[in-house]
Every structure is written in structure tokens, then in C-alpha cells.
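Participant: One letter stands for each residue in the lines below.
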Amino acid sequence: MRRAVVLVAGFALAGVAYGQLMAASPDPAAVQKVVDARVAHYKEIGKANKAIRDELGQSQPNLATVQSNARVMEALARQIPSWFPSGSGQQAGVKSEALPVIWQQLPAFKRRAADLASAAHQTADAAASGNLDATKAAAGSIGGACKGCHDTFREKK
Amino acid sequence: MRTEGGPAPRIRLWDLPTRLVHWGLVLLLPSLWWTWRSGNTLLHEKLGYVTLAVLLFRLYWGVAGSTTARFAQFVKGPRKIAAYLRGTSPLPIGHNPLGALAVLLLLGLMLAEVGLGLFAQDVDGEESGALARYVSYDTADWATNWHAWLFDLLLIAVAIHVLAILFYLVVRRDNLVGPMVTGRKELAEDLPEPKMASIGSALVGGILSAAIAWWISRGFTL
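Protein chains in written order, with the working numbering: chain A, 1 to 157; chain B, 1 to 222.
Treat each hint with caution, since some may be false.
DSS-like mimics (lysine-lysine), calculated; alpha carbons at most 25 Å apart, straight line [stated by the list, open to error]: (1) B:K185 with B:K195; (2) A:K43 with A:K147; (3) A:K47 with A:K110; (4) A:K156 with B:K46; (5) A:K156 with A:K43; (6) A:K147 with B:K80; (7) B:K80 with B:K195; (8) B:K46 with A:K136; (9) B:K76 with B:K185.
Quick caveat, the hints were computed from the structure, so don't treat them as lab data.
Extracted from the complex, chain B is given alone in its bound form (with noise of 0.2 Å):
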């Protein structure tokens, strides 16, 4: 490990499964958009069961995995994150309370996304999501719709994601994307480490939720 500029504590900050989840999405959701506008949609589709899984597993590890991802320790109320907001709240390690709404919102808007996909129809009726067939035809069109309308909303909150990290980036001086690349942070003071989970957790994780996402995808059939 390099040490620039004195003997700054270097913490692991970010654990392997939390930046393979943030880095995926970041691949799946401009490879999501192209396949649909580009007419493919049964690769859409195909990238919309991983996208499923790789959610499914966010959620497990929300619960199962290190301290920074877990939901218990970076959600807070409103008078946490107002705290926060006016500074007088000490510095937190991992998402601030105002970034877990962020990570909620983003988190929440795709898992509908992807979930309203499942029952949404393409207009050549060639294709439909693995739901689609345990729903009527309007309720499809329904689907569909919000399909459509949904994602202007997520790329809007991406928008917003993206802004607020050039905030800290220029107003704070706050590098948040190198720690989500290298897992690593320098911390200017010492607080206590957060707690990593093991590689055994994620795998189970991991395993459970691409055989979910695969008997969706399947339409609940063996």
C-alpha cells in the first residue's frame, strides 16, 4: 500500500461486492438503454435478469454485508440527516445520511424498473417480459408505460447522483470515486474500521440471487 503525504490511516472502506454491484449497474443501465433503442430486445431483456439479479444481491447485502452496505447503518431519519446538513454531526464513515437517500432512491427506482419490465410488452408483440404472461393485455400496456415513463425518472436521479459527487469532488474536495474503484480511503482522523463480511457471505448471496433472478426469468417455472 503507498502512504503519500504522512501517515494518513488508509481504511477499506468500500468491500469488493458493493463496487462490482455499483460498477455493473453503471454498465447495465447504458446497455439496457441501447439494446431497447436499438430494437434488441431480447438482449434487453436478457441484461434486464441480470440487472434483476444483481439488485436481488444489493438487497442481501443491504443486510448480510460489510457495515458500509448494510441499510441498519447508513439510513438515518430526518433529524440525522438535517444534522448533517447544518455540519454538526461527526464526519460518517461510508454513505452520508443524505447519501443514503440517494442510494435508496436510485436502489428503489431501478428495482421497480426492472420489475415493471417483467410484465411489459414490445409493440410488435414478439417479445414480453417473463411476467407479462400472469397479466392481462392492458395491464401489460400498463406496464409497459411505466416502463417507458420510469426510466426518465431514474435518469434523473442518476443526474443528481452524478452532480452531488461532483460537489464533493469540487466544493469539498471530497474524491468519491476513487474509493468505489480501489475499495480505499484515507481517512483524516481515526475512526474505526468498518467491518468487512467474508467472501463465503457474498458468494452465498451471490448464488441465491442469480437462481431468483433465473426462476423469474423463467417465469416461475422449472
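If we strip away everything but chain A, and leave its shape as in the complex, we get (with noise of 0.2 Å):
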């Protein structure tokens, strides 16, 4: 008798324990999807940080490339945040390289999306002043926005 509460207990529990699992994690090819729309965004940035990056590696750089670019990259970089659902990191058979920490740091990540939105809009503001030298200073610390966050929040290859 007192084993078969033990059994059915035990049976309960199990059974409780799956359903907060299956609700925990979402499915995969559903986490899959987000990792996906998130890479082709980040090389949508990728792309308008090689258009700014060429142009002023040009003799004669045209200025309002740089502005329109610079403007795409900003409107992208506010919209970082929303590209990271939580639950969809480094989930069983989902490869992301987008870590834990993301989330466990979230105000940091934030803090970090920022500060290219912000290093994008100075870039922007320079380009569209006509300051060459303004730009270039400011497109500098574009890269060093990169690096920054995925120094932290991004997997090493």
C-alpha cells in the first residue's frame, strides 16, 4: 500500500515536473526562427558598418552615404533588445552564439545596444554636418561598440 502511494506520488511529480519543462522550453524550431531573423539582422548592420567603413576609406568620401547608413544602423541597434526573447540563447539543438549571459546581464546588454544606437546617431549628425574628421572620429567608435558588447555577449568562434 505504501508503496503504491510512493509510485503514484512519484508518478505525479514526474509528471508535473515534464509539463513545467515543456512550458520552460519553448519549441525548438520556434527558437530556431528567432535565431535566424536576429543573424540576418545583425548583418544588416554588419552591411551598413562596411558601407560607412568603405566609403571613408574612399580618397574622397561621399558624406551622405555615410548619413543614410549610419541612420539604418541606428534604427537597427534600438531594436537590438527585441531581437532577444528570453528563451531563445543556446537552447538544446538551437546553435546560437548569443550567450546565457545576455540574459542574466540583461541591463547591461542593453546599456551596450545603446551605445551604438548612440555611436551610430553621432556618426549620422557628423556626416550630415559636412565634418569629415567628425565622422571619421565618431564612425570609430562604431567598431569599438561591436567589440564591446560582443566581447561579453557573444560566443567566441
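Join the two chains, each given in its own frame, into one complex according to the hints.
Facilitator: Take a look at the structure:
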């Protein structure tokens, strides 16, 4: 009799635990979609960054090109926190370079994203003012913002 | 010159430029790996341009260098390679027909690796190869991935190269490392000595290679 009670209780507990587990870990296919979209967004940032860098590497940079790409980058950077819903990290079966520390230190992560948005904003403003040196200096802080975040929150290859 | 244990003729096998290229690459490869691994991308790039110059020089030396450095002298077809493997061909001076394949493989992989690096970009968007600005983001991304994958292939090729040298040392009782350091080798029989190229020829090649590598590192601008 006692054994039966223990057995039933055990099954009940296991059932509850299983239910909790399923609720806590969403469908891997859904997470994969989030990760894929995130990677695509970051590539957009990378493209804007490359366009800015390549333009500023020219002998006669077109600051309008720098400005438009910096605005695109700023808009994307402001969205960064929304690309990281909780549970979209390195789940079983989902490959991602987004480290768990993102969700453990979410405020710090959001500050890093804001750093990039502000670097892009300053670059766009400097480019709009037509000051090449100021544009180059501001653009220089974009790479630092990327690295500053990657060093902590992105898995090293 | 010391002539130990009898009158074995000691000939000049590898000239100084060939040895410098060889040991230079031995130093550059781990340095390139380390600078990348430790995140020192700027130094990684600079060392990459040095490697490019060294490889360009080796190509020049493969045409204008001493006989043992020339591709036309040591690169053989499948029939000669098979004969060497069967042991029916006379012992060659310098690279044997099979070793020639290793030279081509290593040089080819290193050239491809450096070439891809010229178009590669780092994840932080701070640094990129000198020619990355001439291609799209996606192409640079592609080059970056292949730059990483090819390095693993290069490591495998280096491992084969080192294992082959160990095989010659242990099984064939033939020390290949010594001559690559001193440039000299004792031959068991009298064979025609390799013809050494002049220092002037090496200087011309060195200056040319350095100039071309520098120009590429500037993205073809002056």
C-alpha cells in the first residue's frame, strides 16, 4: 500500500516536472526562427558598417552615403533588445552564439545596444554637418561598440 | 667545413633564400594563429602581408632561384612519382617527386589562405583585409568563413609534412631537417651539384615581392 502511494506520488511529481519543463522550453523550431531573424538583422548592421567604413576609406568620401547608412544602423541598433526574447538562447538543438549572460545581465546588454545606437547617431549627425574628421572619429566608435558588446555577450569562435 | 667519417661529398643543397622562406613560414604560421586567437587583428593583418611577400618571393624563386628551388626541376608527373614510390628511380637531389606534391600543396594552401584573408572581415567590423572594400559584405563573409576552414586544412597539410619528415628520419635514416638549417648535405655518391642562384637575383625578387605585397596591402592605391 505504502509502496503504491509512493509510486503514484512519484508519477504525479514527474508529470508536474515534465509539464514545467515543456512550458519553460519552447519549440526548438520557433527558437530557430528567432535566431535566424536575429542573425539576418545583425548582417544588416554589418552591411551598414561596411558601407560606412568603405566610404570613409575613399579619397573623397561621400558623406551622404555615410549618413544614410548610419541612420539605418541606428534604427537597427535601437531594435536589438527586441531580437532577444527570453528563451531564445543556446537551447538544446538550437545553434546560437548568443551567450546566456545576455539574459542574466539584461540591463548591461541593453546599455551596450544603446552604445551602438548612440555611436551610429553621432556618426550620422557628424556626416550631416559635413565635417569629415568628426565623421571619421564618430565612425571609429562604432567598431568599439560592436567589440564592447561581443566581448561579453557573444560566443568566441 | 667538417667532413666527418670519410670522404662523403658535402654539397650545397638549399640556398639561403629558400631556407629563410621555409623557417620564416614556420615562424609566421603560429604567429598568425596566435594574433588571431588573442584578438590582435591589426597585427594579424600585418603579419599576413609579410606572409604574402614571403609567398610571392617563393613563387619568383621557384622560377629564378637555385636549381633545387625551381618548380620545373622538382615537380614531376604521376609516372615519376610512381617510380619513386617503387624505388626504381635514381635518388633525386632536393625535393623528391612525392615531396614536390607536398611543396605544391603547402604553397597552394598558404596562397589561398592569404588570398582569402585579403577579403576577410572581423566580427566587430573594426578590421578587414585590404581588398575587402572591393567586394560586398556577403562576399567578405564568405571569404572570412573559408579563411577559417582553410586554416584547418593547412594544419592537416603541415601535419602530413612533419610526419613525412619523421618517417624519413626514423625509417629511412635520412635527416631532412639538418640540411634545411645548414643548407648542406652529405651525399652517399657523387652527383652533379645543384646550381646556386646569385644574391643579386634574390635581392631583385625580394624587393619585387615586398613592393607587390605592400601595394596589395594598400588596396592597390599608392
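Participant: The structure should be examined with respect to each hint, and the outcome stated for every one.
Facilitator: Hint check:
1. Simply put, B:K185 and B:K195 have alpha-carbon atoms about 14 Å apart, close enough for the 25 Å limit, and the pair holds.
2. With a CA separation close to 15 Å, the supplied pair A:K43 and A:K147 stays within the 25 Å bound.
3. Proposed proximity of A:K47 and A:K110 is supported: the alpha carbons are some 22 Å apart, at most 25 Å.
4. In summary, the hint linking A:K156 to B:K46 is supported, as the alpha carbons are separated by about 22 Å, within the 25 Å threshold.
5. With a C-alpha separation of about 17 Å, the suggested pair A:K156 and A:K43 falls inside the 25 Å cut-off, and the hint holds.
6. Only pairs whose Cα atoms come within 25 Å are accepted, and A:K147 paired with B:K80 is rejected, the gap being roughly 53 Å.
7. Only pairs whose Cα atoms come within 25 Å are accepted, and B:K80 paired with B:K195 is accepted, the gap being roughly 22 Å.
8. Restraint check: the Cα-Cα separation between B:K46 and A:K136 comes to about 22 Å, which is no more than 25 Å; the hinted pair holds.
9. At most 25 Å may separate the alpha-carbon atoms for a hinted pair to count; B:K76 and B:K185 meet this at roughly 22 Å.
Of the hints listed earlier, the one the structure fails to meet is number 6.
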